[in-house]
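Number of protein chains: 4
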Amino acid sequence: MLTVKDSVHDHVEVSGVAAGLLDTPTVQRLRRVRQLGTVSYVYPSANHTRFEHSLGVYHLASRALDSLGVAGARAERVEAAALLHDVGHGPYSHNVEDVIHRTTGHYHDDVADLLAEGEVGETLRDHGLDPARVARLVDGQGKYGQLVSGELDVDRMDYLVRDAHHTGVPYGTIDPGRLIRELRYVDGELVLAEGNVQSAESLLLARALMNPTVYSHHAARVAKAMLRQAAERLVDDGLDPAGLRRMDDAELRVRLREHEATAETARRLDERRLFKRAVWAEMDGVPEAVRDADAGRLRAAERAVADRAGVAPERVVLDVPPAPSMRESRTRVVVNGETRRLDRQSPLVDALRAAGREQWRLGVYAPADSTDAVGAAAVRELGLDIDGALVRETRTGLQGRLDDFESAGP
Amino acid sequence: MLTVKDSVHDHVEVSGVAAGLLDTPTVQRLRRVRQLGTVSYVYPSANHTRFEHSLGVYHLASRALDSLGVAGARAERVEAAALLHDVGHGPYSHNVEDVIHRTTGHYHDDVADLLAEGEVGETLRDHGLDPARVARLVDGQGKYGQLVSGELDVDRMDYLVRDAHHTGVPYGTIDPGRLIRELRYVDGELVLAEGNVQSAESLLLARALMNPTVYSHHAARVAKAMLRQAAERLVDDGLDPAGLRRMDDAELRVRLREHEATAETARRLDERRLFKRAVWAEMDGVPEAVRDADAGRLRAAERAVADRAGVAPERVVLDVPPAPSMRESRTRVVVNGETRRLDRQSPLVDALRAAGREQWRLGVYAPADSTDAVGAAAVRELGLDIDGALVRETRTGLQGRLDDFESAGP
Amino acid sequence: MLTVKDSVHDHVEVSGVAAGLLDTPTVQRLRRVRQLGTVSYVYPSANHTRFEHSLGVYHLASRALDSLGVAGARAERVEAAALLHDVGHGPYSHNVEDVIHRTTGHYHDDVADLLAEGEVGETLRDHGLDPARVARLVDGQGKYGQLVSGELDVDRMDYLVRDAHHTGVPYGTIDPGRLIRELRYVDGELVLAEGNVQSAESLLLARALMNPTVYSHHAARVAKAMLRQAAERLVDDGLDPAGLRRMDDAELRVRLREHEATAETARRLDERRLFKRAVWAEMDGVPEAVRDADAGRLRAAERAVADRAGVAPERVVLDVPPAPSMRESRTRVVVNGETRRLDRQSPLVDALRAAGREQWRLGVYAPADSTDAVGAAAVRELGLDIDGALVRETRTGLQGRLDDFESAGP
Amino acid sequence: MLTVKDSVHDHVEVSGVAAGLLDTPTVQRLRRVRQLGTVSYVYPSANHTRFEHSLGVYHLASRALDSLGVAGARAERVEAAALLHDVGHGPYSHNVEDVIHRTTGHYHDDVADLLAEGEVGETLRDHGLDPARVARLVDGQGKYGQLVSGELDVDRMDYLVRDAHHTGVPYGTIDPGRLIRELRYVDGELVLAEGNVQSAESLLLARALMNPTVYSHHAARVAKAMLRQAAERLVDDGLDPAGLRRMDDAELRVRLREHEATAETARRLDERRLFKRAVWAEMDGVPEAVRDADAGRLRAAERAVADRAGVAPERVVLDVPPAPSMRESRTRVVVNGETRRLDRQSPLVDALRAAGREQWRLGVYAPADSTDAVGAAAVRELGLDIDGALVRETRTGLQGRLDDFESAGP
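The listed protein sequences derive, respectively, from chains A, B, C and D. Just so you know, we're using the numbering used here here: the first sequence kicks off at 1 and counts up by one. Just so you know, we're using the numbering used here here: the second sequence kicks off at 411 and counts up by one. Just so you know, we're using the numbering used here here: the third sequence kicks off at 821 and counts up by one. Just so you know, we're using the numbering used here here: the fourth sequence kicks off at 1231 and counts up by one.
Chain A extracted, bound-state conformation (with noise of 0.2 Å):
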């Protein structure tokens, strides 16, 4: 057994076969792998990894078999999943995921790779463990599976921890502990104990104040949509996807310095001289056809804007974000004996929704010094009925670093 000390859950104790995981290239991978992406930009403290999230999991797992009495392979297993969730992601986490995607096809293939081969597919196969179903339960398949990627997963529980400490900001703040001690299984469903109506809402309520604040706050997203526009670059240009699912941060990072077409890219994002926004809309007056586009065609579009405002291409960035879920209402609570799930018990699910859905908003950016023809471009380019609605930057007084650090406005 192994000890480590971590700053939100203090010592980790790592056994069995997660102490054997922890030794595998793949899994070392992880410390080079930001947590929150681009989101440093905005929160200079957020640079904590993957690696640190990972064992975090891990350790929720753990205590959360325990609670509920499972021991054994079949722990090990969900032990295993914990540990190696995040063993797919990208560089800089969830921002290049999507250019991976487009050409390497669905994710859980890509992650029952990962798992089967390797020094991770070993590891897993000498404590007598079988890659495929340490996958599966990765992807949240199963009884089990919901502890590692549910609605009341400790992926979650982890990170909004994690996420909170790191930025700062205070609205992560649910309590592990209490979550993990009222996890019940009710006809297979991982549910919570009764009395838990509120602890529930807890979960959902630090995703909605995270989620503007840090998550979606439109500096990061900027910095991100250049990113993987840059990303997109190096595929086009040549670079294997499967290849790029592989890098650390620091290795796009200095690819992207190192190739032409991305290098002012790159040095913008290493000056942190950001694209500003040009549009930023209400999704309610995007088209249909904008809204739901594929990768393919978003590109297409950036490049017909540019086109229109005569710029060059690689000074558009289009960024269309898909819209906001809420895993979290699909909950599932014991209230007077029987389960439920919280959107049908807590009143404030629909108005999460709504306020989710209010926030949700297409941006169009660019160098500042063509924010105007660009936007101007966009609107037409895109048929964009934003009358009212378009929010540019000159228009609602949000420039000024203030905002770019912390505002959680649009």
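Please note that the accuracy of each hint is not assured.
Said to hold, decoys possible - Counterexamples of contact, computed for chain A against chain B with all Cβ distances above 12 Å:
#1 Leu129
#2 Tyr159
#3 Val197
#4 His259
#5 Ala263
#6 Asp350
#7 Ala351
Said to hold, decoys possible - So the derived list for chain D, only partly shown, Cβ under 8 Å to chain A, looks like this:
#8 Ser1237
#9 Asp1253
#10 Arg1261
#11 Tyr1273
#12 Asp1479
#13 Glu1481
#14 Arg1502
#15 Glu1588
#16 Gln1589
By construction, these hints were calculated from the structure, which means they are not laboratory data. Note that beta-carbon positions come from the ideal geometry of N, C-alpha and C, so glycine has one too.
For this one, chain A is given, so just place chains B, C and D on it according to the hints.
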């Protein structure tokens, strides 16, 4: 200037009139009044006092005034009001206020007197401040009174954070530094600047989460109701209500032990042998006559229930809290350049109001061995239409100490 | 099993005999005894109680027993001792202990009685535990007694962290999780495993920093000495010392107010009008006869000083603390395979001992307006050779409230 | 003015010249240089950067200047120096500094150049500040330079607290708020005001505890020495040392991977397959010629040891840290009205110096399978007289990951 070390704000610097006021017996008494009254029965580390809270409120007021550019006598008046805002509280904070007010009349007059008389009045006048004007600020009147008592007051900002720190409950986490920096006056009204809808929502959510988990935890409510009834008995038997208001926690506790009619309740409180819930009913099934009853009527009802159940009158306690309010919903925020009330802006307000209303409960409490008899008697005597809504401990499986300590549920 | 939320250890799970003991009046009384007595005069947020501390000590004991592989009745006995270790404390913790012991004799006997009688004795016996054996553990006797009261006891691990949390002073920061994991038994002695010299030193240093800043802050000492003298007076005037021991803070406070001879002191304590230092002298210049005097002699000396100064006897308080000890210096650590005492291993021990000795002070306290007269009288009456060493407040410029609140110095 | 959210100081307000400097590429590069270099191999959450540390130092400098009453251009100069004090650091902070300095000469000149040139120089001059004077402050020269680099500098106050926060080690806990408030200038020297001997000691103790536990943890030292050797190899093979200095962590990492002679070391670092200790010896038994050897001699010795052991040269790393210094011992404190150096006042200084000296170790590191051969070769080649003092991992039972992660011991 003197510096006080505080567990929440670290160093609090006290100067000017506040330094003088700190040394008065009136303010020193607050050292001996617990901030959360009977909540420490549920959260044993919640023993913080009105004194440290008052220092915290003073500290935040100073910073807010600074940030708003208010100085001089005007600022001193607000700082004095912030430090003094709780001097009118009787022992056990809010727990016995009703008893006091029932006979002494309007709360504001009490405070105005307390501020005008003795060393407090002298100190205020020595610094050129009019006690009556300070009292009006305590009451939330006028432009600057909003800072002391209003939707965006510093009182709330301190207690949410402080109560979370001392209970260990992670839900009171707002960001006072940000809130204070974003305060503005628009047309004489205290508002949050552009881009702070979510900051305003965070205040609301913190309260919404702390309410059932901490402030209205049922065990704290039981103890509070027992204490209230016993204090009423003291007054009935000759104690001057004004004297009750000037007591500290210690004196009330000892008086209850020494007085024959309240000795048994005092012993129960000392040994944490709290009454149990005989009825715990949603307010929807409670007749309006009961909901809106004044103190006299409630005591009569208590006695009638005891009578019908065949138990001694001090073995039945009726607990009818006022309808949940949500003052924070009227918070004003600047959105796109105009001032809006939060409840017009955020879908969360209505949802939280609905949630609060659902948690609103009538309680009838009795010793464990007579909850059945008292429960049945109360249903009839009070005309409760609670059919399925009657939630006794025996039916919800809420007994046990887990619940006593931290359950958020009914 | 029940779960208690604690501001220091988060969730404390209580089961077995401990759950039974928690509900006894003897343990519940600890809710009403402040952990740090008069220290809250200096650090206003230090209002935590013996109750939450006892829960914390129980929690750490459970974890230590787990880590040491001790289970069954043996473990239950230690857990009971951990939870009960402070039940012998009178009101205001250590502050009035001397008064009690002076007349009731040996402390251990008191505790043995408290553990054998009433609900505590019953509960212990119900769980098959012998109260006398538990009392011996409380006393630090035997192999497992070291865990409860010894150089490496869990008592110390809890209070250092808890007192730091509640005062806001950042110096009590040890790492209980690591210390507990590294505990071992070698030849029946509790030691720290290989590689923990520094862990042992951290305990020592935390105490060395907390002592002058918190535990022996002069303002806390003044208040404590005033309280001690007043309690003595109560006993002189007929209060049964055994009764004093069973009081809570509230009762002592009210008794002092109600008794004519102590009413003035009670009022001073209520209003924080503490005596000032008339003499504050290094112990080197204090005759041995004074240093080693017993309670009776000290009180005679107090009266003689008052007499000589021409003030009423209750206006002079003499404060002669015992020589500083450093129990942690005898901590045993495994170094290169053999057990060594920390003072044989670490050069810090002697240095800290010297530092502690230098901070050792005799205090004579009096109302502000008679410090000069009382100081001069004390120098003569006690035969102090303090020439340059006489450190009165007027000479060190220590007046003012900054010092009162948090100065660590003399 | 802009506001940055920091995980340690909460809100940091940046204005004036500092706001301009923040946006320069030179300062932005610090976002990509880890504060603790290879310490994250031991404490996985220690990923904070020089950037957030620099903001923290700026923040504390501002508060100190405020408290000292320094304003205007003088204050701006100090604030600029505080923000810029680390821009001269190469990648992995202190880890490869030696490599850089060996060939580029005096560190101060580097910094003076960095401050005079490019956007930094421009920004300073735009605000009417002379880069050369700012560089002298960074160097600790002059009355105000002491605030930036000296015994009582704000650099130290930030990193002790920040490193504790991010490692999770509870030992760096000083009280920056108090220290800053107590700073004074006496005869042009920065001192702590009367009553602060213990505040000064707390700085010393925090460093003394953090050193072995964090800064000099052996696993961090092994990785650092491997990195240093590999960087030397890059320079030998043609990399411009000045270029090395301007790299960020990412670039150095990728360069090491891509260069054939360092690829194996890079892979080891990526996979955390660190060398093990072949020799770990107290410096007392190490010949002076080795202790005082310059970089060239050490590299020759490394090669000679490898030769003698029959392994490739990159498989032996020699680690000879400089003698432990204790700058904090020269801290000046006012005691009874006169300024004294802490080492003249506190017995702790000598004890800590002795303790530090005892922890001073020579390390020779090699892959696990050749520690025996390399150890024996090193003992002979270096003429080590380490008899009983030879502490190899196999003899102390220190293998295992517990030690790798957090043991404070040898």
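message: Need the list of violated hint numbers for this structure, in ascending order.
response: Numbers 3, 6, 7, 15 and 16 - these are the hints that the structure violates, sorted from lowest upward.
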